[in-house]
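From first to last, the protein sequence lines are chains A and B.
All residue numbers for the first sequence refer to the UniProt record's numbering, where the first residue is 1 and numbers rise by one.
All residue numbers for the second sequence refer to the UniProt record's numbering, where the first residue is 1 and numbers rise by one.
Note that these hints are calculated values from the structure, not bench results.
Note that the structure is predicted; figures quoted are calculated from it, not measured.
Among the clues, some could well be false.
To be verified - Taking CB as the label site, the calculated pair distances span:
| id | chain 1 | residue 1 | chain 2 | residue 2 | range |
| --- | --- | --- | --- | --- | --- |
| 1 | A | 158 | B | 71 | 20 to 30 Å |
| 2 | A | 151 | B | 132 | 37 to 47 Å |
| 3 | A | 215 | B | 307 | 54 to 64 Å |
As the list claims (entries may be wrong) - Here's a subset of chain B near chain A, in silico, CB distances under 8 Å, partners left out:
| id | residue |
| --- | --- |
| 4 | 73 |
| 5 | 74 |
| 6 | 77 |
| 7 | 269 |
| 8 | 270 |
| 9 | 277 |
Glycine residues also receive a C-beta, built at the ideal position from the N, C-alpha and C atoms.
Number of protein chains: 2
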Amino acid sequence: MAAAVAGEEEVTNRQVILKRYVTGCPTVEDMEVVTGTLRLAVPPGSPAVLVKNLYLSCDPYMRTRMTKHAVPSFVPDYVPGKVLDNCGVSKVVLSGHPDFKPGDLLWGVTGWEEYTLIPNPVFCHMINHREFPLSYYTGVLGLTAYAGLFEVAKAKKGEYVFVSAAAGAVGQIVGQLAKLTGCYVVGSAGSDHKVNLLKAKFGFDDAFNYKKELDLNAALKRCFPHGIDVYFENVGGAMLDAVLDNMRHRGRVAVCGQVSQYNLERPDSVDLFRLVGKHIRMEGFLVSEYAGEYRRRFEEEMARYLTEGKVVCVEDVAEGIEAAPAALVGLFAGRNVGKQVVVVARE
Amino acid sequence: MAAAVAGEEEVTNRQVILKRYVTGCPTVEDMEVVTGTLRLAVPPGSPAVLVKNLYLSCDPYMRTRMTKHAVPSFVPDYVPGKVLDNCGVSKVVLSGHPDFKPGDLLWGVTGWEEYTLIPNPVFCHMINHREFPLSYYTGVLGLTAYAGLFEVAKAKKGEYVFVSAAAGAVGQIVGQLAKLTGCYVVGSAGSDHKVNLLKAKFGFDDAFNYKKELDLNAALKRCFPHGIDVYFENVGGAMLDAVLDNMRHRGRVAVCGQVSQYNLERPDSVDLFRLVGKHIRMEGFLVSEYAGEYRRRFEEEMARYLTEGKVVCVEDVAEGIEAAPAALVGLFAGRNVGKQVVVVARE
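One chain only, chain A, in its complex shape:
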């Protein structure tokens, strides 16, 4: 093992902790930025890595972890008094793991703090393309859009694709990948600025501001007179309900997220019997399922698109760990334009 496994230096370590379980819409007061210290060391003989966090991903699903669940979800609920975690980009400081050495850049699950000791870095991956902004590994170089569109929804050339929260982290990539595949693509977003972005920057065929539509069903009918083959679902609730009325026979709904639902006591009612008449398939997925060779091939494909300018991405960057709680809360007001990232440190 080449890397150092112990050090004695102690650093200050600012952390975002959950202050209390959240009811309704999260506020910055539900979190707290605290300053602790961390000894730069990894336990001797352990495969741990100690990383310095550079970029943290802000994702709506994190809200679902801020409530205590009777039935555990796919990821553990956050615990009051403890640091939050999520995907991010980090730099290895110390390593007890044979695959990683100090100075390596990783992306994977890390803490919402300046330094994190990762006991077993099974969810950490090397960053292979340092020619792009590192933050891209929290967004466009993540696999969510790609796996959801192609593996789950199985979008094909010529199909009609609808994307909600289309100016968000995943939506913008879904739309561009669908266009590259030869689909007709429409997105919804929550401001005219975002709608313009969808059409002018991301090349969507059409887009609408859902806040200005009195009738979502009518808006979808206007945009999709022939119906929808693929719905990339990021919002849930009333939009999903309206989409189900506009799906085509054998339509597919790839369920990535349901941001409109996370703050509700009970989710909105959706008439699921409509799955029957048109043989609609609704399927959820987690990006973590698509690993190994598949992910490596994706990374090369997406890197090529980025280099050739075939895919672009827009990020909304919050500066400093102190800005993280507000950045997370802002997602639920649609304050972010594009992928919401927090820069903890630039290197």
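On the provided structure of chain A, position chain B as indicated by the hints.
The following block gives chain B in isolation, referenced to the frame of chain A:
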């Protein structure tokens, strides 16, 4: 064209008509049995067949057609003053169609009446196995259970299968087919008598009376400590909600019906975000999609199971067209035990 295309005889024709659109739970007063007359004739040159109806299928989904929908469903809404229709078994009286001749026994879509003129019998099929009770063609020899379990849910040997409304027309067959496939099968039903039937007659591994369970989630956990791979969905609402908490990774929900939801103004709220964490697939289907060679192979396979006693079925037979409205209404109180059929005439 061998068959007669016109006749002059006039017969009385009792019909079940929709009296008014239904709100909430349907009652017999929402329908009316009226007596008209019908001239036994098919329009010259048309492919119509005139049939005498023998057995009518009573299905919960019919309730969904008793409300006027803004967005048309897969089948037209019923119209006040007009006769209801659904699948049934009929005998050809007169035919303008080259594939059918007087005396042939058909199953397919027909009217809730004594005689029906079917303008174009595209949804009519010949009955190939006259050794079974003809009514079997409204139930066990229909393809719903088979297609849903194998084509939609893709149940495989060794998997954990849960069936709701398991003593009903489709559920009882699903459970038996899943057992023949080597699955572990549990069903829910609404009375102890039905629960006993599931275990004693249909060979379910376990079963529970959902009306006696204070906590459906706990009941499912008790029956499936390792979780559910396949849920054959007949009821919706609270049961679906509880099932989603108990599904295994890559579980499948074949949505056949949602009988608990049809009488509600707004469907019950179900947290669909749970599809994400365990990559659950929910897929609706219509039996009419599975036709041609597939259906013929199924019919032979099921006939073999019936002959060998590997599949049995229980029917609840209402006598006479006048009994049809009450038989339909009874479905929503769970009054039927097994497949609900109405005998209009025995030959």
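Cross-check of the supplied hints:
At about 24 Å, the beta-carbon gap between residue 158(A) and residue 71(B) stays in the expected band of 20 to 30 Å. A hinted range of 37 to 47 Å holds for the C-beta pair residue 151(A) and residue 132(B), which are about 44 Å apart. Here the CB-CB span from residue 215(A) to residue 307(B) is close to 55 Å, well matched to the stated 54 to 64 Å. Nearest Cβ of chain A to the Cβ of residue 73(B): about 5 Å, under the 8 Å cut. The hint holds.
This hint holds: residue 74(B) has a C-beta 3 Å from the nearest C-beta of chain A, less than the 8 Å allowed. Hint status for residue 77(B) relative to chain A: violated, with the closest Cβ pair at about 12 Å, above 8 Å. With a cut of 8 Å, the hint placing residue 269(B) at the interface with chain A holds, because the nearest CB-to-CB distance is about 5 Å. Hint status for residue 270(B) relative to chain A: holds, with the closest Cβ pair at about 7 Å, below 8 Å.
With a least beta-carbon distance of about 3 Å to chain A, the hint placing residue 277(B) at the interface is held under the 8 Å criterion.
Going through the hint list in order, the structure does not satisfy hint 6, though it satisfies all others.
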